[in-house]
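Sequence lines, in order, name chains U and H. Its first residue numbered 1, the first sequence is counted upward by one per residue in the UniProt record's numbering. Its first residue numbered 1, the second sequence is counted upward by one per residue in the UniProt record's numbering.
FYI, nobody ran anything at the bench for these hints, they're computed from the structure. Hints may be right or wrong, so weigh each one.
Taking lysine to aspartate or glutamate and the EDC-like style, the derived pairs with C-alpha atoms no more than 16 Å apart in a straight line are [said to hold, decoys possible]:
| hint | chain 1 | residue 1 | chain 2 | residue 2 |
| --- | --- | --- | --- | --- |
| 1 | U | Lys2 | U | Asp114 |
| 2 | H | Lys55 | U | Asp89 |
| 3 | H | Lys159 | H | Glu227 |
| 4 | U | Lys2 | U | Asp89 |
| 5 | H | Lys159 | H | Asp225 |
| 6 | U | Lys193 | H | Glu69 |
| 7 | U | Lys201 | U | Glu58 |
| 8 | U | Lys109 | U | Glu232 |
| 9 | U | Lys200 | H | Glu14 |
| 10 | U | Lys199 | H | Asp320 |
| 11 | H | Lys209 | H | Asp225 |
| 12 | U | Lys109 | U | Asp204 |
| 13 | U | Lys199 | U | Glu160 |
| 14 | U | Lys32 | H | Glu10 |
| 15 | H | Lys209 | H | Glu227 |
| 16 | U | Lys17 | U | Glu232 |
| 17 | U | Lys193 | H | Glu20 |
| 18 | U | Lys148 | U | Asp136 |
| 19 | U | Lys32 | H | Glu14 |
| 20 | U | Lys193 | H | Asp225 |
| 21 | U | Lys193 | H | Asp13 |
| 22 | U | Lys193 | H | Asp65 |
| 23 | U | Lys201 | H | Asp320 |
| 24 | U | Lys2 | U | Glu67 |
| 25 | U | Lys199 | H | Asp13 |
| 26 | H | Lys123 | H | Asp156 |
| 27 | U | Lys32 | H | Glu20 |
| 28 | U | Lys2 | U | Asp123 |
| 29 | U | Lys201 | H | Asp13 |
| 30 | H | Lys128 | H | Asp158 |
| 31 | U | Lys17 | U | Glu126 |
| 32 | U | Lys32 | H | Glu276 |
| 33 | U | Lys17 | U | Asp89 |
| 34 | U | Lys200 | H | Glu222 |
| 35 | H | Lys246 | H | Asp320 |
| 36 | U | Lys2 | U | Glu57 |
| 37 | U | Lys199 | U | Glu50 |
| 38 | U | Lys217 | U | Asp89 |
Please read all numbers here as calculations on a predicted model, not as lab measurements.
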Amino acid sequence: MKICVLVKEVPDAAVQKRIDPATGRMDRSGEKNLNPYDTHAIEAAMQLKESGALPIEEIVAVSMGPESAVRALHKAVSLGADRSVHLTDAALAGSDVAATGYALAQTLKRENPDLVLLGQQSDDGECYTIGAVVADHLGMPSLTQVIKMDVEGGNSLRAERQAEYGYDTVQVSLPAVISVGDAINEPRYPSLKAIMGAKKKQLDTVSAADVAIDASKVGGDHSAAQWTGSKEPPKKAPGRIIEDEDTAQTVEQIVAWLDERKLI
Amino acid sequence: MSDHSFSGFELPDELRMLSEALRDFVRNEILPVEAALDPTLRAIPQPQLGELQAKARTAGFWCMDAPVEFGGGGLSTFEMAVVWEAASRHRYTFPTPGGGVIGYSPPVVLYRGNEEQIEKYVKPVIEKGLITFTAISEPTGGSDPARALRTTARRDGDKYILNGRKMWATNADEADFGVVYARTDTATGRSGISAFVVETNTPGMHVSKVPVMRNHWTTEVEFNDCEIPAANLIGDEGEGFALAQKWMVRGRVMLAAQALGVAEESVRMAAEWSKERETFGALLATRQGVQFPLADSLVEIEAARALAWKAAWKDDQGQDARVDASMAKLFASEMGFNTVDRCIQIFGGMGTAKEMNLEHWFRDLRTMRIVEGASEIQRYLIARDLLGAAATGR
Numbered sequence: 001m002k003i004c005v006l007v008k009e010v011p012d013a014a015v016q017k018r019i020d021p022a023t024g025r026m027d028r029s030g031e032k033n034l035n036p037y038d039t040h041a042i043e044a045a046m047q048l049k050e051s052g053a054l055p056i057e058e059i060v061a062v063s064m065g066p067e068s069a070v071r072a073l074h075k076a077v078s079l080g081a082d083r084s085v086h087l088t089d090a091a092l093a094g095s096d097v098a099a100t101g102y103a104l105a106q107t108l109k110r111e112n113p114d115l116v117l118l119g120q121q122s123d124d125g126e127c128y129t130i131g132a133v134v135a136d137h138l139g140m141p142s143l144t145q146v147i148k149m150d151v152e153g154g155n156s157l158r159a160e161r162q163a164e165y166g167y168d169t170v171q172v173s174l175p176a177v178i179s180v181g182d183a184i185n186e187p188r189y190p191s192l193k194a195i196m197g198a199k200k201k202q203l204d205t206v207s208a209a210d211v212a213i214d215a216s217k218v219g220g221d222h223s224a225a226q227w228t229g230s231k232e233p234p235k236k237a238p239g240r241i242i243e244d245e246d247t248a249q250t251v252e253q254i255v256a257w258l259d260e261r262k263l264i
Numbered sequence: 001m002s003d004h005s006f007s008g009f010e011l012p013d014e015l016r017m018l019s020e021a022l023r024d025f026v027r028n029e030i031l032p033v034e035a036a037l038d039p040t041l042r043a044i045p046q047p048q049l050g051e052l053q054a055k056a057r058t059a060g061f062w063c064m065d066a067p068v069e070f071g072g073g074g075l076s077t078f079e080m081a082v083v084w085e086a087a088s089r090h091r092y093t094f095p096t097p098g099g100g101v102i103g104y105s106p107p108v109v110l111y112r113g114n115e116e117q118i119e120k121y122v123k124p125v126i127e128k129g130l131i132t133f134t135a136i137s138e139p140t141g142g143s144d145p146a147r148a149l150r151t152t153a154r155r156d157g158d159k160y161i162l163n164g165r166k167m168w169a170t171n172a173d174e175a176d177f178g179v180v181y182a183r184t185d186t187a188t189g190r191s192g193i194s195a196f197v198v199e200t201n202t203p204g205m206h207v208s209k210v211p212v213m214r215n216h217w218t219t220e221v222e223f224n225d226c227e228i229p230a231a232n233l234i235g236d237e238g239e240g241f242a243l244a245q246k247w248m249v250r251g252r253v254m255l256a257a258q259a260l261g262v263a264e265e266s267v268r269m270a271a272e273w274s275k276e277r278e279t280f281g282a283l284l285a286t287r288q289g290v291q292f293p294l295a296d297s298l299v300e301i302e303a304a305r306a307l308a309w310k311a312a313w314k315d316d317q318g319q320d321a322r323v324d325a326s327m328a329k330l331f332a333s334e335m336g337f338n339t340v341d342r343c344i345q346i347f348g349g350m351g352t353a354k355e356m357n358l359e360h361w362f363r364d365l366r367t368m369r370i371v372e373g374a375s376e377i378q379r380y381l382i383a384r385d386l387l388g389a390a391a392t393g394r
C-alpha cells in the first residue's frame with residue numbers, strides 16, 4: 001500500500017506574514033519552512049507504517065510550489081517519507097484553493113495512493129479546505145480534523161474527528177483523503193542520519209504537462225477567487241493594569257471590575 | 001554576474017535542517033526541564049538527564065562529533081560549529097552543549113588509541129554516555145606545558161608509575177576514567193610528554209574538589225606512585241602533546257560556537273524584554289541606551305560567527321587553522337561575555353536573578369575567557385604568527 005502526504009512550504013513561523021498588494025499574493029521572500037501542520041500528517045503516516053497494521057510499502061511526500069519548495073520536501077523525507085514528488089510550473093503560480101486542489105489531485109493520480117494525508121491547515125493561507133478539494137477530484141471520501149486513526153480490517157480506518165461539539169467516530173474505506181489535526185500526535189525530530197541522507201532519496205520533479213493538468217484551470221488568471229484587499233483587525237482597547245500593592249484591595253478592585261460588567 | 005562570484009553564505013540544506021532540529025529539541029525538551037530545576041544546581045540531575053538522553057538518542061542527536069566508526073555522528077568541524085551553536089541556547093551549556101543530554105564525547109586524543117583502547121574506552125563512552133576527564137594543567141601552570149608539566153610517568157616493566165599533581169581536571173570526581181598527560185622524559189620539553197588512560201579507582205590516585213565560580217567545581221588530582229598498565233599509553237611515548245594539539249583547532253572553534261549560541265539567545269531575550277518593558281512612559285526598545293548595545297552585540301555576533309566558520313572550514317580542508325581558531329576563540333569568548341553583560345544591564349535587576357539564564361551564562365562566559373587558552377595566550381599566538389621569531393625576543 002502507498003500513503004501520499006501533501007506538504008507545503010510556508011513562511012517560517014517567525015516571519016511576519018503579509019500580502020504583497022502588487023500581486024495579491026503572500027509575500028514569500030523571507031525564511032521559509034515546512035508547514036508545521038504537515039509534520040503531523042507525516043508522523044501519522046510513519047506511525048501507520050511502523051505499526052504494521054497495514055502493509056504500507058512506501059510513504060511519498062507531494063508538494064506543489066516554486067523551486068525552493070524542494071527544501072520542504074527534503075525535510076519531509078528527513079521526517080520519514082521514502083521519496084518525494086515536486087510539482088512545479090510557472091503556470092501554477094497564483095492558483096487559488098480550487099485550482100491548487102485540482103493540480104495536486106492530478107499529481108496524486110499518477111501515484112495511485114491508498115491513503116492521502118495532509119495537515120489540517122497551512123500556516124500561511126489557512127483555508128482548511130485543500131483536502132476536501134483533492135478528495136473531490138480523486139473521487140475519494142474526505143475526513144477533516146482527524147485526531148485518531150485505527151486500522152479496521154484490511155482496508156478501512158476508524159477515525160476520530162475533533163468537532164466543536166465533541167468527537168465523531170467515523171469508519172472510512174480506503175482509499176481516502178484525511179486531514180489530521182495537530183492533536184493527533186507529537187511529530188518526531190528529524191534524525192541526524194535522516195537529515196544527512198535526505199538528498200539521496202528519490203525526488204521527482206514534474207511539470208503541469210507531466211501530470212496532464214489543464215492549463216486553463218490553474219494559475220492566478222484562471223482562479224475563481226481573487227484577492228482584492230485586506231485590512232488589519234481593529235486595535236484592542238488598552239487593558240487596565242491593577243498593581244498588586246495590597247492583595248485584599250487588588251481582589252476587591254478585580255471583583256468590582258467584573259461586577260460592573262455583569263461578568264460575575 | 002561573473003562566473004567567479006562568491007557562492008554566498010547560505011548553509012547547505014542538510015546543515016540548516018540539522019541546526020533547526022537541534023534548536024527545536026533544545027527549546028521543546030531541554031528548556032522546560034531546566035526551567036523547573038533549582039537554578040543553583042550544577043547540572044541537569046537524574047532522572048531528568050536520563051529521560052532527555054533517551055529522547056536525544058531516539059532522534060539521533062548523540063555524540064555527533066565522534067567518528068561514525070565508533071558510534072558517533074561523524075560531523076566535520078564546520079558542521080559541528082553550526083550544530084554546537086544551535087545546541088548552546090540553554091542554561092547548562094557549559095562545559096558541553098546539551099549538558100550531557102546529547103552525549104559526552106571521550107577525550108579526543110583517544111581517537112588515536114589502538115584497537116583495544118577504542119573498544120575498552122572510546123566505544124563505552126559513546127554507547128553508555130560515560131563521563132570522562134582530561135588532566136593536563138598543573139599547579140605550576142596550564143598554558144605552558146613544555147615547562148609547567150612536571151607530573152612524571154616512569155616505565156617499570158609492564159606498567160607506568162605516575163607521580164605529580166594536576167589542576168582543573170573537570171569531572172575527575174565523577175568519571176570512570178580520563179586521560180592524563182605526564183612526562184616520560186624529563187630532559188626534553190614538549191616531546192617528553194605522553195598521554196595515558198587512567199581509571200579513577202586506581203590506587204595512588206586521589207581526587208579532591210576545587211570549588212570555582214559558577215555553580216561548579218573542578219578537581220585537583222594527585223598521583224602518588226600510581227601504577228597503571230603500560231597498555232594504557234596512547235600512541236607512542238613523547239607523542240602526547242602532539243596528539244592533543246591535533247584537536248586544538250576543533251576544541252577552540254567549538255568554544256566559539258558555544259559563546260555564539262549563548263550570545264544570540266541573550267540578545268533574543270533582551271530584545272523581547274525591551275519590547276515589553278516600559279519605563280517613564282515608553283518602551284525600553286525606544287531608548288538608544290538599549291538600542292545601541294543590542295546593535296553592537298548583533299554586529300559582534302556576526303563577526304564572531306564569520307571567524308568561527310572560517311577556522312572550521314580551513315580545518316576541514318586540511319589547512320593549518322591554528323591562528324584562525326585562536327582568533328575565533330578569543331573574539332567569541334570576549335564577545336559572549338560582553339554581550340551577556342550588556343543584556344543583563346538591559347534587564348536591570350531581573351538580569352541578575354538566578355532564575356534567569358543570563359546570570360548563569362555571565363559566570364560561564366567569564367570562565368570561557370580563561371579555559372582552552374586564555375585570551376592573552378590567544379593574542380600571543382596570533383601576534384607570534386604575525387611577528388615570527390621577533391615575538392619571542394630571540
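Status of each hint after checking the structure:
no. : hint                  : in the structure
1   : U:Lys2 <-> U:Asp114   : holds (5 Å)
2   : H:Lys55 <-> U:Asp89   : violated (40 Å)
3   : H:Lys159 <-> H:Glu227 : holds (6 Å)
4   : U:Lys2 <-> U:Asp89    : violated (25 Å)
5   : H:Lys159 <-> H:Asp225 : holds (11 Å)
6   : U:Lys193 <-> H:Glu69  : holds (14 Å)
7   : U:Lys201 <-> U:Glu58  : holds (12 Å)
8   : U:Lys109 <-> U:Glu232 : violated (40 Å)
9   : U:Lys200 <-> H:Glu14  : holds (11 Å)
10  : U:Lys199 <-> H:Asp320 : violated (31 Å)
11  : H:Lys209 <-> H:Asp225 : violated (21 Å)
12  : U:Lys109 <-> U:Asp204 : holds (15 Å)
13  : U:Lys199 <-> U:Glu160 : violated (35 Å)
14  : U:Lys32 <-> H:Glu10   : holds (13 Å)
15  : H:Lys209 <-> H:Glu227 : violated (22 Å)
16  : U:Lys17 <-> U:Glu232  : holds (12 Å)
17  : U:Lys193 <-> H:Glu20  : holds (15 Å)
18  : U:Lys148 <-> U:Asp136 : violated (23 Å)
19  : U:Lys32 <-> H:Glu14   : holds (15 Å)
20  : U:Lys193 <-> H:Asp225 : violated (46 Å)
21  : U:Lys193 <-> H:Asp13  : holds (14 Å)
22  : U:Lys193 <-> H:Asp65  : holds (13 Å)
23  : U:Lys201 <-> H:Asp320 : violated (36 Å)
24  : U:Lys2 <-> U:Glu67    : violated (25 Å)
25  : U:Lys199 <-> H:Asp13  : holds (9 Å)
26  : H:Lys123 <-> H:Asp156 : violated (29 Å)
27  : U:Lys32 <-> H:Glu20   : holds (12 Å)
28  : U:Lys2 <-> U:Asp123   : violated (26 Å)
29  : U:Lys201 <-> H:Asp13  : holds (14 Å)
30  : H:Lys128 <-> H:Asp158 : violated (29 Å)
31  : U:Lys17 <-> U:Glu126  : holds (12 Å)
32  : U:Lys32 <-> H:Glu276  : violated (27 Å)
33  : U:Lys17 <-> U:Asp89   : violated (24 Å)
34  : U:Lys200 <-> H:Glu222 : violated (52 Å)
35  : H:Lys246 <-> H:Asp320 : holds (10 Å)
36  : U:Lys2 <-> U:Glu57    : holds (6 Å)
37  : U:Lys199 <-> U:Glu50  : violated (22 Å)
38  : U:Lys217 <-> U:Asp89  : holds (13 Å)
When held up to the earlier numbered hints, the structure conflicts with 2, 4, 8, 10, 11, 13, 15, 18, 20, 23, 24, 26, 28, 30, 32, 33, 34, 37 and fits the remainder.
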